[in-house]
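*Asks:* Each chain, letter by letter, is given below.
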Amino acid sequence: MGDNIATKIDWVQRVLGVAIAAAPPASASEAKSWQAARQAWQDANDAVNDQINALRAAVLDRAKADPENVDVLAAIADKGLNAITRDHRVKLMASILELGGGAPAVLRKSGPRALGLITAFESFIAASEEIEVCDGNPFGVPVSIRATLVPALQGMAAALRAEIGG
Amino acid sequence: MSVTFGRFVKVMSGGIVITDALLVKRREKTDAALAVLEAQMARLAAANLKSKVLDDDLAVLKKAYADAASAGDTQQSYVKFEYVQINVEAAAAEAPAKVDGFIEQAKAFEKLRAEVIAGVGLSLIPIGKIKAPALKDKLSKELAEIKRSAESFAGDDADELEIAIGKLKRLLARTKATGVRRAETANEVSASILECRARAEGIADAEEKKQAMAVLDDYEDKLVEYGSEDADKMPASERLTQLAKSLGAFEMALSSPASAEGEMLKLMGSERFNSCARTMYASAIKLGANHKPLSPGEALSINVYMGQEYKSMNALNFGTLDASVTAQQRARLAALNDRCRAALAKLPEYPATAWPTYRFERAWNPTQVTDQYVQGKNFKVASFWSTGAGCGLDLGEGSPRFHFTVFGVKAGKDVAAMAAFLGEGGQTRDKPRPGQGKGEVLFPPGTEFHINTRVDPAADEFLPTYEMTVKEIP
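Chain order of the listed sequences is A and B.
The numbering of the first sequence is this note's numbering, which starts it at 998 and goes up by one.
The numbering of the second sequence is this note's numbering, which starts it at 45 and goes up by one.
Careful: at least some of the hints might be erroneous.
[To be verified] Pairwise CB distance ranges, derived in the manner of DEER restraints:
#1 A/A1062 to B/A90: 48 to 58 Å
#2 A/S1141 to B/S57: 21 to 31 Å
#3 A/P1139 to B/D100: 47 to 57 Å
#4 B/E82 to A/Q1151: 50 to 60 Å
#5 A/N1046 to B/E72: 38 to 48 Å
#6 A/A1062 to B/A91: 45 to 55 Å
#7 B/D100 to A/A1062: 29 to 39 Å
#8 A/D1075 to B/D144: 50 to 60 Å
#9 A/T1116 to B/E72: 39 to 49 Å
#10 A/Q1151 to B/A103: 58 to 68 Å
#11 B/S57 to A/A1144: 16 to 26 Å
#12 A/N1046 to B/D111: 35 to 45 Å
#13 A/D1063 to B/E82: 35 to 45 Å
#14 A/D1084 to B/A141: 57 to 67 Å
[As the list claims (entries may be wrong)] Below 25 Å or equal to it, Euclidean Cα-Cα: the simulated DMTMM-like pairs (lysine to aspartate or glutamate) are:
#15 B/K124 to A/D1063
#16 B/K69 to A/E1129
#17 B/K355 to B/D438
#18 B/K424 to B/E393
#19 B/K277 to B/E189
#20 B/K213 to B/D203
#21 A/K1076 to B/E189
#22 B/K175 to B/D262
#23 B/K173 to B/E228
#24 B/K253 to B/E264
#25 B/K69 to B/D101
#26 B/K124 to A/E1126
#27 B/K124 to A/E1065
#28 B/K73 to B/D117
#29 B/K310 to B/E251
#30 B/K191 to B/D203
#31 B/K213 to B/D274
#32 B/K69 to A/E1126
#33 B/K94 to B/D200
#34 B/K107 to A/E1065
#35 B/K124 to A/D1068
#36 A/K1061 to B/D117
[Stated by the list, open to error] Partial list, computed: chain B residues near chain A (C-beta under 8 Å):
#37 S46
#38 V47
#39 T48
#40 F49
The hints are simulated quantities; they were obtained by calculation from the structure and are not laboratory data.
Every residue, glycine too, gets a C-beta built ideally from N, C-alpha and C.
Given only the sequences and the hints, what does the whole structure look like? Please build it.
*Replies:* Below, the structure written as structure tokens:
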């Protein structure tokens, strides 16, 4: 996913039905710190999506060669991998879009909620067995969900705390 | 660290997580149960026993164990070990009792085998003393075969021990039957045959002598036949007793022509005398009864009526004998009647607690319903009157039918022990009354009865039957 904010707002509104107001402009320093963290998150998110897609392909390949497990593997490829982060990523995505370019007023208003979502997501990743087995999957597909997402989440959290003093 | 395929599938499809530690734990439990099972197999082997059933069970479990151990990943291995663990633990739980049982059975088996072999040795002594060579040879071969059979059982196949013990028990019973008592009775019969032959030599009438000798030849054959066991017949010792008793009666008849036995021999001839005596003693032996206070000849006079002679003996009493019957034959039948009546009179009274007895009779005279068998009337029987201790025997063909419930006083006598055929009238639906006989209760000619009740049949009854209760008038 690229850095096309209008596209992301449109997606969130269409899929989640969440109306997001256009963010007011940010100061130069605030914007620089937050935007960098947000970009890092978006890159990490894209990387994880690519990893999951590669894993899905490997699972489907195995399903073709393993009639005994074909049903369960198809179900994993179809639903299990999509739901691997539950609703954490979607909620966080909506919240990030709301924060926009990182204007101080917006960060102060919506930052605490975003920070809460980031903390919850981080805790979920640490405890998730699904993420653990995907990271160590038996198909030899390089997957590192935990290692990819956690630093990006921590970067966003640090940027937000710096701005809102949390 | 890479996770197993099984764990990946289990976690991603929402199942439980199987860790290596869990698998190790399950495998350890399975190993422990397997060790118990193998220890029991070792106990069995130490007792010089083998069980193909247990061996096969263990082989199957070991194969399943190997399969579980070589499964591709932890999850599959864990699932397979679950099956192995359950089955090995179940087998291990049952094995000690099974092995205990096998070891006990093996001990019982060896004890029985020793008893059979010792029994054969003991039986050979009296068998060696049997005077009849054919029987001696037959029984010696029988004993040798028993010993061979006993020795041929391997005794180490735990699965077959129960069957082998059953066979040994049967062999032991046969060995005991081939024992002293049988040998003694066989010798008694042999000696009696010799004695009878000596007596028969003195018979003046050539035809009678020939018949008597033929009968004794038959006894020689029967001694060999009856002297060995036949699973379908009475035990050999009982059949030899039967021979000894009938031959004893024959010997009495030959040695004392004026005795009851001698008189019956004259009336019956050697062949009939002996065949009747044998059936009579077979009945008595089967019932565990004796003929006291009657002599063999007197008992035989009742047996004759209960066998094939009853029709002509009754016909004489009814006055319905065919005109072609000669005076000599009539005199013979009259003598048989007299002897039967006299013997009946000697028998003890039928116990008061054992009445009633039962009898079926088919109408033979059109006036029976209107004149003879009328409630409140008395009637006197013209000939012997058979009743059953437990039930009536319906042999007739006419109609209507009379069913008597008979309360006797003195005249009716229990003659089951003299029966030519066992079981006549002996069956009983209810619990037997105290002293109740096991067959026929016979009244002599001239016994009078009072008809207490008569219940007439319904008009549409298929076989109209008059239910009557009668009481003897002493």
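*Asks:* A separate judgement is required for each hint: does it hold in the structure or not?
*Replies:* Results of checking the hints against the structure:
1. Range check, A/A1062 to B/A90: Cβ separation about 51 Å, and the 48 to 58 Å hint holds.
2. Between A/S1141 and B/S57 the CB atoms are about 22 Å apart, so this pair conforms to the stated range of 21 to 31 Å.
3. In this structure the supplied range 47 to 57 Å holds for A/P1139 paired with B/D100, their Cβ-Cβ distance being about 50 Å.
4. Checked against the hint of 50 to 60 Å, the C-beta distance between B/E82 and A/Q1151 comes to roughly 57 Å, which is consistent with it.
5. A/N1046 and B/E72 have their C-beta atoms about 43 Å apart, which keeps the hinted 38 to 48 Å range intact.
6. The given range of 45 to 55 Å is respected by A/A1062 and B/A91, whose C-beta atoms sit roughly 53 Å from each other.
7. With their beta carbons about 36 Å apart, B/D100 and A/A1062 fall inside the hinted range of 29 to 39 Å.
8. A beta carbon spacing of about 58 Å between A/D1075 and B/D144 agrees with the range 50 to 60 Å that was offered as a hint.
9. Our hint of 39 to 49 Å for A/T1116 and B/E72 holds, since their Cβ atoms are close to 42 Å apart.
10. In this structure the hint that A/Q1151 and B/A103 lie 58 to 68 Å apart at CB holds, the actual value being about 59 Å.
11. Between B/S57 and A/A1144 the beta carbon distance is about 24 Å. The supplied range of 16 to 26 Å therefore holds.
12. Evaluation of the 35 to 45 Å hint for A/N1046 and B/D111 yields a pass: the beta carbon distance comes to about 41 Å.
13. Taking the beta carbon of each, A/D1063 and B/E82 are about 36 Å apart, inside 35 to 45 Å as hinted.
14. Checked against the given bound of 57 to 67 Å, the beta carbons of A/D1084 and B/A141, roughly 59 Å apart, stay inside it.
15. At most 25 Å may separate the alpha-carbon atoms for a hinted pair to count; B/K124 and A/D1063 meet this at roughly 18 Å.
16. For the hint pairing B/K69 with A/E1129, the CA-to-CA distance comes to about 23 Å; that is within 25 Å, so the pair holds.
17. At roughly 15 Å between alpha-carbon atoms, B/K355 and B/D438 fall within 25 Å of each other, so this suggested pair holds.
18. Under the criterion of a C-alpha separation no larger than 25 Å, the hint pairing B/K424 with B/E393 is consistent with the structure, at around 20 Å.
19. Between B/K277 and B/E189 the CA atoms are separated by roughly 20 Å; this keeps the pair inside 25 Å, and the hint holds.
20. Restraint check for B/K213 and B/D203: the C-alpha separation of about 17 Å stays at or below 25 Å, so the hint holds.
21. About 80 Å separates the Cα atoms of A/K1076 and B/E189, which puts this hinted pair outside 25 Å; it is violated.
22. A distance of roughly 17 Å separates the Cα atoms of B/K175 and B/D262; the hinted pair therefore holds under the 25 Å criterion.
23. Proposed proximity of B/K173 and B/E228 is supported: the alpha carbons are some 9 Å apart, at most 25 Å.
24. Distance check on the hinted pair: B/K253 and B/E264 sit about 17 Å apart at the alpha-carbon level, within 25 Å; holds.
25. Taking the CA atoms of B/K69 and B/D101, the gap is near 23 Å; set against the 25 Å cutoff, the hint holds.
26. Restraint check for B/K124 and A/E1126: satisfied, since their Cα atoms lie roughly 24 Å apart, inside the 25 Å limit.
27. The suggested pairing of B/K124 with A/E1065 holds, with an alpha-carbon distance near 15 Å, which does not exceed 25 Å.
28. Taking the CA atoms of B/K73 and B/D117, the gap is about 19 Å. The hint holds against a cut of 25 Å.
29. This hinted pair checks out: B/K310 and B/E251 have alpha carbons roughly 13 Å apart, not beyond 25 Å.
30. With a CA separation close to 23 Å, the supplied pair B/K191 and B/D203 stays within the 25 Å bound.
31. Note on B/K213 and B/D274: the hinted pairing holds, with a Cα-Cα distance of about 17 Å set against a maximum of 25 Å.
32. Restraint check for B/K69 and A/E1126: satisfied, since their Cα atoms lie roughly 22 Å apart, inside the 25 Å limit.
33. Taking the CA atoms of B/K94 and B/D200, the gap is near 6 Å; set against the 25 Å cutoff, the hint holds.
34. For the suggested pair B/K107 and A/E1065, the alpha carbons sit about 22 Å apart, so the restraint of at most 25 Å is met.
35. Only pairs whose Cα atoms come within 25 Å are accepted, and B/K124 paired with A/D1068 is accepted, the gap being roughly 21 Å.
36. As the CA atoms of A/K1061 and B/D117 are separated by approximately 19 Å, the hinted pair is consistent with the 25 Å bound.
37. For B/S46, the shortest C-beta to C-beta distance to chain A is roughly 5 Å, which falls under 8 Å, so the interface hint holds.
38. Checking B/V47 against chain A: minimum C-beta separation of about 4 Å stays under 8 Å; hint holds.
39. The beta carbon of B/T48 comes within 6 Å of a beta carbon in chain A, closer than 8 Å, and the hint placing it at the interface holds.
40. With its C-beta approaching chain A no nearer than about 4 Å, B/F49 sits inside the 8 Å limit, and its interface hint holds.
Violated hint: 21 only; the structure is consistent with all others.
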